[in-house]
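Q: Based on the sequences and whatever the hints tell you, model everything.
Residue numbers (the working numbering), protein chains in the order written: chain A, 1 to 668; chain B, 1 to 668.
Heads up, none of these hints are tricks.
Since the list gives no way to pick out one identical chain from another, each pair is judged satisfied if it fits inside one copy or across any two copies.
The calculated EDC-like cross-link candidates involving lysine to aspartate or glutamate, where the alpha carbons are at most 16 Å apart (straight line), are: (1) Lys-142 to Glu-332; (2) Lys-249 to Asp-206; (3) Lys-610 to Glu-630; (4) Lys-402 to Glu-200; (5) Lys-607 to Asp-597; (6) Lys-607 to Glu-630.
In case anyone wonders, no lab produced these hints; they're calculated from the structure. Quantities reported herein were computed from a predicted structural model and do not represent experimental measurements.
There are 2 protein chains.
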Amino acid sequence: MTVATQSLDELCINSIRFLAIDAVEKANSGHPGLPMGAAPMAFVLWNRIMRFNPKNPQWINRDRFVLSAGHGCMLQYALLYLTGYDSVTIDDIKQFRQWGSRTPGHPENFETQGVEVTTGPLGQGIANAVGLAMAEAHLAAKFNKPDATLIDHYTYVILGDGCNMEGVSGEACSLGGHLGLGKLIALYDDNHISIDGNTEISFTEDVSKRFEAYGWHVQHVEDGNHDLGGIQKAIEAAKAVTDKPSFIKVTTTIGYGSPNKANTEGVHGAALGKDEIVATRSNLGWSHEPFVVPQDALDKFRKAIDDGAKAEADWNETWAKYQSQYPEAAAEFTAITSGKLAEGWEKVLPTYKPEDKTFATRKHSEITLNAIAPVVPQLVGGSADLAHSNLTLMKVSGNFQKGQYHNRNLRFGVREHGMGAICNGIALHNTGLIPYCATFLVFADYMRAPIRLSALSEAGVIYVMTHDSIALGEDGPTHQPVETIASLRAIPNLLVIRPADGNETSGAYKVAIENRHRPTLLALTRQNVPNLAGSSIEAVAKGAYIADDSEGTPDLLLLATGSEVGLCIDAAKKLREAGTKVRVVSMPCWELFEEQDEAYKESVIPKAVKKRLAVEAASSFGWCRYYGSEGAMISVDRFGVSAPGGLAMEKFGYTVDNVVAKAQDLLN
Amino acid sequence: MTVATQSLDELCINSIRFLAIDAVEKANSGHPGLPMGAAPMAFVLWNRIMRFNPKNPQWINRDRFVLSAGHGCMLQYALLYLTGYDSVTIDDIKQFRQWGSRTPGHPENFETQGVEVTTGPLGQGIANAVGLAMAEAHLAAKFNKPDATLIDHYTYVILGDGCNMEGVSGEACSLGGHLGLGKLIALYDDNHISIDGNTEISFTEDVSKRFEAYGWHVQHVEDGNHDLGGIQKAIEAAKAVTDKPSFIKVTTTIGYGSPNKANTEGVHGAALGKDEIVATRSNLGWSHEPFVVPQDALDKFRKAIDDGAKAEADWNETWAKYQSQYPEAAAEFTAITSGKLAEGWEKVLPTYKPEDKTFATRKHSEITLNAIAPVVPQLVGGSADLAHSNLTLMKVSGNFQKGQYHNRNLRFGVREHGMGAICNGIALHNTGLIPYCATFLVFADYMRAPIRLSALSEAGVIYVMTHDSIALGEDGPTHQPVETIASLRAIPNLLVIRPADGNETSGAYKVAIENRHRPTLLALTRQNVPNLAGSSIEAVAKGAYIADDSEGTPDLLLLATGSEVGLCIDAAKKLREAGTKVRVVSMPCWELFEEQDEAYKESVIPKAVKKRLAVEAASSFGWCRYYGSEGAMISVDRFGVSAPGGLAMEKFGYTVDNVVAKAQDLLN
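A: Right, here's the structure in full:
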């Protein structure tokens with residue numbers, strides 16, 4: 001085949017392929033196989049189907065595209081460049097995988113406009129996409145009027161074998177099917193190859209049948225390498241099915257076009273190499289210089305600019321009419337999608353005095369969530385089947401279900417990993433929605449990957465994690481967090497807050513709601529805690545503060561969080577009776593404390609005061625940073641035990657007497 | 001219905017129910033619903049089907065039973081008691097969920113003989129069971145002769161809606177179907193209720209169809225409350241299907257027998273309460289005192305003792321014949337199943353001198369694994385589709401596949417979470433098999449739950465995790481571990497080893513192979529590292545050691561692990577040129593170091609030497625414990641970046657010049 005005989009479509013598709021091939025070759029790193037194989041379906045999607053404005057990657061009603069098989073990101077970068085996004089120039093393509101480039105090794109939403117979510121870890125993208133589709137359905141249900149459609153976009157995914165093997169994708173797709181998300185369309189790059197070779201080595205399930213079982217509409221395009229019409233028909237048929245998400249299995253050849261490496265794992269994740277590139281160019285009739293795209297192909301792709309401008313202009317018209325016809329709804333739409341919180345919203349946060357009724361902080365969380373919910377309409381969320389234990393139902397709304405998408409309570413089922421990834425999708429829909437999700441703190445272990453991705457991709461997801469220590473009692477060591485909080489504190493860009501009482505819980509929610517570009521995780525008790533005299537909402541924002549103090553320079557600092565702050569205050573009373581000057585520092589959030597200036601930090605934890613006893617019903621891992629070389633800690637550095645919670649706390653040393661004794665050891 | 005008119009079977013089933021009801025009531029904590037609803041199927045399994053010896057819970061050829069819905073553990077404790085295990089007496093039942101009891105809140109294999117694996121976190125048990133069935137198939141294929149069947153047991157699972165929603169179960173069951181594990185039989189307690197209510201709230205997929213898609217044999221027992229014959233028939237039909245695992249959906253009523261709470265979420269996880277117990281007793285015609293089981297029911301259950309003794313006696317006969325007919329195979333069988341390693345096995349561990357060719361530690365791992373594999377035949381394992389990156393294929397064997405179960409290379413597919421749980425099952429098959437599994441270190445996040453369970457349940461799984469830092473380069477921040485190692489060090493009872501070179505890698509494997517009751521995780525480099533002069537296999541067992549030293553008391557300690565040890569040794573050279581006395585301490589394993597006596601620890605890291613610079617291409621979280629109040633660290637406390645690995649290391653400060661500079665800052 002020569003260049004001359006290629007159709008314009010083929011030229012376009014090969015443009016995608018060779019940008020990927022050339023970029024990976026230049027970087028001597030990357031994954032050319034998927035871009036080469038999925039180029040046809042991606043071309044159909046981006047050139048014939050998707051509605052977006054390359055010059056405005058933030059246009060609110062754009063179709064969302066997620067490359068769940070994130071290693072194939074040269075596919076996406078090529079399309080961003082070809083369709084005219086300013087975020088990816090040809091120089092950016094040439095800088096693929098280099099220091100400081102805008103084309104990193106896996107798609108990063110915070111790095112490259114046009115990339116919606118950060119993928120790479122397999123299975124995350126398709127689960128994010130379920131969240132994107134949920135966000136679309138929610139806003140559409142809330143705001144669309146019979147004569148004015150404000151929110152009306154599709155969410156398209158390209159995913160591969162890897163994503164389909166990952167459990168997180170099954171969780172999210174099962175929920176997506178249950179919810180009947182009709183605007184979610186997933187294209188499965190069915191190439192039978194993964195890193196370890198042909199998928200027959202370990203992956204022989206009937207994927208299409210599984211998706212039917214999930215309640216998806218399922219199709220198969222048999223020749224994904226050539227049948228552009230078939231791909232297009234399938235997508236159109238998928239769009240026509242409005243009450244189910246759609247799964248289109250598109251059978252392709254990985255590394256299509258490479259005579260010797262196509263259909264092998266070798267083309268998955270390594271540059272083709274000089275010789276094979278020559279052979280591929282010859283095979284596909286490509287004679288352009290590296291990184292050069294034939295003008296007519298570029299022009300065809302770039303019609304997206306005019307199409308997108310028109311689509312957005314049409315939308316602006318609709319929006320203008322909507323504002324005049326439905327001013328109240330328009331105001332609410334603006335309020336939510338602007339990302340701004342209502343003026344004075346924080347006034348609803350409950351505060352407590354010591355004499356008030358005591359609750360567990362999970363109960364304070366429920367009260368606070370329900371105080372916030374009416375004034376923060378962008379708040380949506382729920383639990384992984386523990387709503388009655390996490391106490392995370394918003395009374396002001398019903399359940400988000402098929403045909404009930406305007407509701408705000410998300411019922412995730414026992415699917416912690418999927419839940420986290422879905423919430424990342426909701427957050428990164430970038431329409432102001434604030435997602436929260438909940439489970440038992442120990443099951444953060446099931447969802448660590450999306451928690452990390454929230455932190456990395458700057459998604460302000462709120463993680464409400466209850467049953468935070470051995471004090472939860474009888475459920476025993478599989479359920480009792482010990483090292484969980486430490487493991488989460490280690491994650492960069494994640495705020496970990498363990499509030500001590502109702503005031504601190506309110507303060508935690510204030511921080512969480514306000515932080516829209518980093519996630520917050522709340523660790524909450526199962527059991528009641530006292531209301532502290534020295535706590536406040538404002539104090540939480542400083543991360544740590546003096547909860548209780550003697551006059552003058554302290555002899556000893558008691559450093560505590562959560563349920564142990566009250567314990568330390570009681571112990572401090574006793575120590576003072578013996579003449580010791582004790583300061584109790586509540587440290588609900590290490591990360592916020594570290595962000596304070598030196599003067600503040602010194603005022604709370606003076607360097608000169610070396611006798612420090614940390615008290616947290618959790619692992620000591622990491623605490624040396626605060627209790628220092630002359631300090632000590634009452635900690636849990638082993639797994640817990642099945643027993644009533646109060647007894648467990650006692651046996652593990654969380655008693656006034658033991659705090660006093662350990663403090664005295666330090667002082668003597 | 002009165003007691004008199006209950007069949008003996010019904011008496012037995014109600015005995016199970018009321019032990020559960022009474023134990024939960026007494027503890028005022030626990031989950032009565034599942035035991036009440038699943039009692040019929042469990043009775044059929046334990047009384048009519050399963051082959052086991054209550055007086056020898058370790059009988060090697062026993063059928064394995066896993067309660068994946070671990071919260072229903074009173075079901076299992078009741079059966080252990082009723083069938084005559086010594087590990088659960090009636091007093092143990094009465095101490096359910098109490099301090100020091102042998103009947104903790106979720107089943108714990110390390111606590112209660114007869115419990116095979118630790119469950120509670122949903123989805124783990126069914127995945128463990130896939131591992132148990134794989135172990136059975138492997139040993140059967142290796143050792144069974146046409147005229148002598150040594151290993152021949154079934155693995156039965158009871159799982160619920162929660163397990164079926166969890167992604168980990170889908171991963172494992174997809175693999176189980178691919179492998180055609182015909183001796184795995186799962187009973188799905190289909191009661192349509194989870195904690196948050198009727199499953200229609202979020203879980204409406206066609207579970208049976210999904211399991212058909214996985215390649216399982218699927219059946220449905222419509223009346224799991226009464227149709228004992230139907231349950232039995234289905235299990236027998238399942239056993240007759242030898243080339244597929246079997247899934248039997250058994251429709252039941254949660255909390256069966258409770259007039260007011262049956263079929264509601266209220267009966268899932270809370271004691272029935274006095275009044276409802278009275279009503280349930282009346283409803284089911286039960287008038288025995290709490291914890292009293294009618295003698296004829298007990299007798300019927302206890303026939304398991306004689307049956308079990310006979311089954312084991314028959315097996316002993318078979319074994320005796322086998323030993324005389326097949327002495328070599330018998331010797332190998334004993335060698336593996338005794339849990340003892342071959343005398344002198346460690347002699348095969350490669351050692352290196354500085355002048356030897358350098359490799360990445362992932363490559364050293366491959367060499368070592370392959371040196372070990374022939375002399376440690378009990379070693380089985382593999383990667384989650386990264387065999388060619390993790391370098392974890394054993395050349396001495398083929399792939400473990402349907403009809404090829406004697407092989408040792410396990411091809412898990414892109415299923416990290418399932419892989420970890422499967423390996424726990426293989427380890428806890430307690431037949432001496434040593435499982436290893438592999439992925440990229442950052443994806444430990446996907447499998448943290450089974451890693452934790454390895455540590456809790458004393459399973460000596462070996463986790464081979466490669467690509468251990470920003471040095472992996474272009475794949476970027478989603479793939480570059482930063483906080484991963486810290487998060488893993490925080491887990492109790494887990495050995496985390498980051499070897500610096502080939503000698504340390506050999507040392508790491510020695511530790512890992514020898515530690516059969518706690519897991520070991522290896523963090524390995526993608527990139528080459530030098531062979532150190534001061535490293536050795538023995539040194540790793542001490543956790544930390546002096547890799548390089550000046551004469552006399554050091555002015556400064558450089559504390560490093562893995563790829564940074566060589567860097568520190570180079571920096572030490574420079575510092576010595578300037579007259580500084582420098583000691584380089586390699587700290588491959590913190591946990592092992594902490595187990596050494598004070599004298600050793602002092603000899604390596606003298607308390608009096610306060611100037612300490614820690615150098616690890618990872619988070620500083622937790623390092624303060626070693627570098628102390630006057631120390632510092634070159635660390636990565638933010639997410640990484642997509643760029644070539646060498647450049648990334650340089651930009652993040654991992655250069656000789658920067659180590660020297662930071663050291664001088666400390667000294668001045």
